[in-house]
Every structure is written in structure tokens, then in C-alpha cells.
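*Asks:* Sequence:
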Amino acid sequence: MLRGFEITVGSRVTQTYGLVELGNSGKDQDTMNEVPGPLILSQMFIHGSATGEMQRCVALNSGATAIVDSWLSDCHGKGYDSQAIGNWNGPGPHLIRNNYLEGAGENVMWGGATPSIPNLVAADITFQRNHVYTPIAWKDRWTKKNLFELKNAVRVLVEDNVFDGSWLDAQTGPALVFKSINDEGNCHWCRTTDVTVRRNLVTNAAAGIVFSGAENYNGGRVDTPATRFLIQDVVFDNINVAPYTGAGRAVQITAGPSDILIERTVTAGNIQNAVILDKFKPAARVAFRSNVWVHGQYLATADGPGIGLPSLHAGLPGFRWERMTLIKSGAPDPAPQGTTIVRTEGASSLAKQIRATVSAAVRGVVVP
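The numbering used here applies: residue -2 is where the sequence shown begins, and numbers increase by one.
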């Protein structure tokens, strides 16, 4: 265990690739026997500098590890991905709880490079009561992608967090991204499955949440498209509102993921598309239940079918749409039968209930 240390760089250092490395990759860690753990970082202050480049504050390539009650900041770079916490060659389990996590590229990410340990997938991840933040002063200075991304992780709980600060730059500005991806063409086993996201506040982002079933590069394949997601009691606030501008997509479901349930969520802001879909690689077994969403300029689009209901059918065959409320002052796009239309969020008692649940869950997460 390490407790109560400050770890940083010297004042003359202009670029650092990794500040704290828990585990390794390459030939130094290409079997499970070489993975370190258990490890605990508690009450740590781990940070770069305001002007220097820091690719990664903590490399989490370890087995059983807890990072708790700590402050990670100034983890940023230009022209490449940078993270407060990044994992690609550690199996877990990982507990990340009650931290301030300030990053540029992706504040926190599991996956993104082929593990040196064959068939490794990070598993049993608990991510609770963290303030995940990117300062708006970093816009146009450090490269930004998203706030939280899973590319190779299974059995993940994301609970009672605040995610704040994402905009159009190297990506379209989403807050949360979940995908199965073979980034380098030689990780056909890389996958993201069995993820629960509940009682979180997402605010000041250009887009909300992205599910991507299978992405492959350099001729590689993806054995297991992204599957089994529960998104419950989440507020997406101030989406695509200046200066946090970009795609304006509340929910994106593309490249064939499956088994997604989104329930008791609220969206607010300058939404362009409530749902973006993919008619060429449709998703399977998707359900929306008891959500209160801004309709946006378009309810749903899917690369060609008509706006609204035709796109929902094309991108989500057999989808379920239950007790849904859309916020729209004018005439809505064609929507599934039974949809409730209100002019303002204030007209929805359900929205008030969801916001109250989330506010109670994240109370105290953001330190004044």
C-alpha cells in the first residue's frame, strides 16, 4: 500500500509518458504470473504540471488493485491519447473509488492496445463516487476525446459518479463510450460486456453515451461484439451547450451491439439527435423504458430511413419502447405508439424523480 504521497514531475520536465506504473507490458509482463497485485493507492496526490505533457498519470496494468480517496490531475497531452488512469495489460479486479480524475484524451480507459498477455480481458471493475473532470480551459490546448471509455473490459459497475467536461476535438465529444474493438488488428478477443451504469450525473458534454458493437482495424476480427448493458438512473445535463459543443447526440448505438436496457434517464440541452442508429449493422434486443428525453432536431436517424420511427425499426429491429416521454415544443417526428409528449421537462414528474435519485447518489462527490 502507498498512502499519503505526492508524486509529480520536476519543474523542467516538459513531457512524461507515465508517472505511476502499476505493472508493465511487453516481454516484461506477457504471462499472468508476472502481473503484480494486490496493490492499493490511497490518499495520493498524483499530478503533472499545468504546461507539461503527461500521457498517463497512472498505468493500471495490474491484478487486484484499489485506487481510492486520491487526486489525479494535469494528465494531458497534445496529438495523442492521455488519461488519468489507463489500463491495457492488467486483468483486475480493479476498484476506483472516491477520486478526482482530471484527464484530457480519455480521463479513464480500459483497453486501447493489444494486451501482451494473450486472451487478457480486464474484469470485475468497480468505479464509484469519482469526479471525472476536464477543465474547459483545456479546450484547443490539449487533445480531448471523452470522459470514460471501455474497449476491453467485462463485469463493470459504474455507479454514483459525476462526469463533467467533453467537447468536439479528436472525437465528437461524448461523455461515455462502450465498445468491443480490435484496435491494432491482433486482439480478436478484446470485448466489452456486462456493464452496469447507474445513478450517475453527466454534464457539460457535447454528446451523451455511445455503444459500438464491433470495430476492427488492420484486417482483424472481433469475436464478441459489445453486449449486455444496463443504463439506469442517469442524468445527461447541458449536452451540446456552448462551450461544450459537438455532435449533440444523446444516445448512439452503432456497429451491432446487443442486449441494451436504458431506463429512467433524463437528457437536457441542445440535442440534435435523441438517438443515432446504424441500419447496416443494427443492434439486437434493445429496450428503452421510463426515460424523459429531449426530442432534439431529430428523434432518430439511421443512415437513410425516414426520421423517427422508421429509423428506430431499421437500426433496432424488435426494439421495446415503454413509458417514454419526449420533450418537444412543436410537432414531433413519428414516434412509437404510447409516447408522451410534453413541452418542458418541468411537466414530467418522472424527470423530477430521476433527478432527485441522481442528486442524492452523487451528493458530496464534487469537492467545492
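Calculated from the structure, these hints are not laboratory results. Some hints could be false.
Unchecked claim - Think about it this way: if two alpha-carbon atoms lie no more than 30 Å apart in a straight line, the pair counts; the simulated BS3-like pairs of lysine-lysine are:
#1 Lys24 with Lys75
#2 Lys349 with Lys325
#3 Lys75 with Lys136
#4 Lys276 with Lys349
Said to hold, decoys possible - Using C-beta positions, here's what the derived DEER-type ranges look like:
#5 Gly216 with Arg360: 46 to 52 Å
#6 Gly182 with Gly7: 23 to 29 Å
#7 Thr193 with Phe277: 44 to 50 Å
#8 Ala239 with Ser356: 31 to 37 Å
#9 Thr11 with Gly315: 51 to 57 Å
Every residue, glycine too, gets a C-beta built ideally from N, C-alpha and C.
*Asks:* Look at each hint and say if it fits the structure.
*Replies:* Evaluated hints:
Between the alpha carbons of lysine 24 and lysine 75 the distance comes to roughly 28 Å, so the proposed pair stays at or under 30 Å and holds. Distance hint between lysine 349 and lysine 325 is fulfilled; the C-alpha atoms sit about 17 Å from each other, no more than 30 Å. Using a Cα cut-off of 30 Å, the hinted pair lysine 75 and lysine 136 holds, with the two alpha carbons roughly 11 Å apart. In summary, the hint linking lysine 276 to lysine 349 is not supported, as the alpha carbons are separated by about 34 Å, beyond the 30 Å threshold.
The hinted window of 46 to 52 Å between glycine 216 and arginine 360 holds, with their beta carbons roughly 49 Å apart. Checking the proposed 23 to 29 Å range against glycine 182 and glycine 7 shows it is violated: the Cβ atoms sit about 38 Å from each other. At about 29 Å, the beta-carbon gap between threonine 193 and phenylalanine 277 misses the expected band of 44 to 50 Å. The hinted window of 31 to 37 Å between alanine 239 and serine 356 is violated, with their beta carbons roughly 24 Å apart.
Separation of threonine 11 from glycine 315 is about 54 Å and conforms to the stated range, judged on CB atoms against 51 to 57 Å.
Violated hints, in rising order: 4, 6, 7, 8; the structure is consistent with all others.
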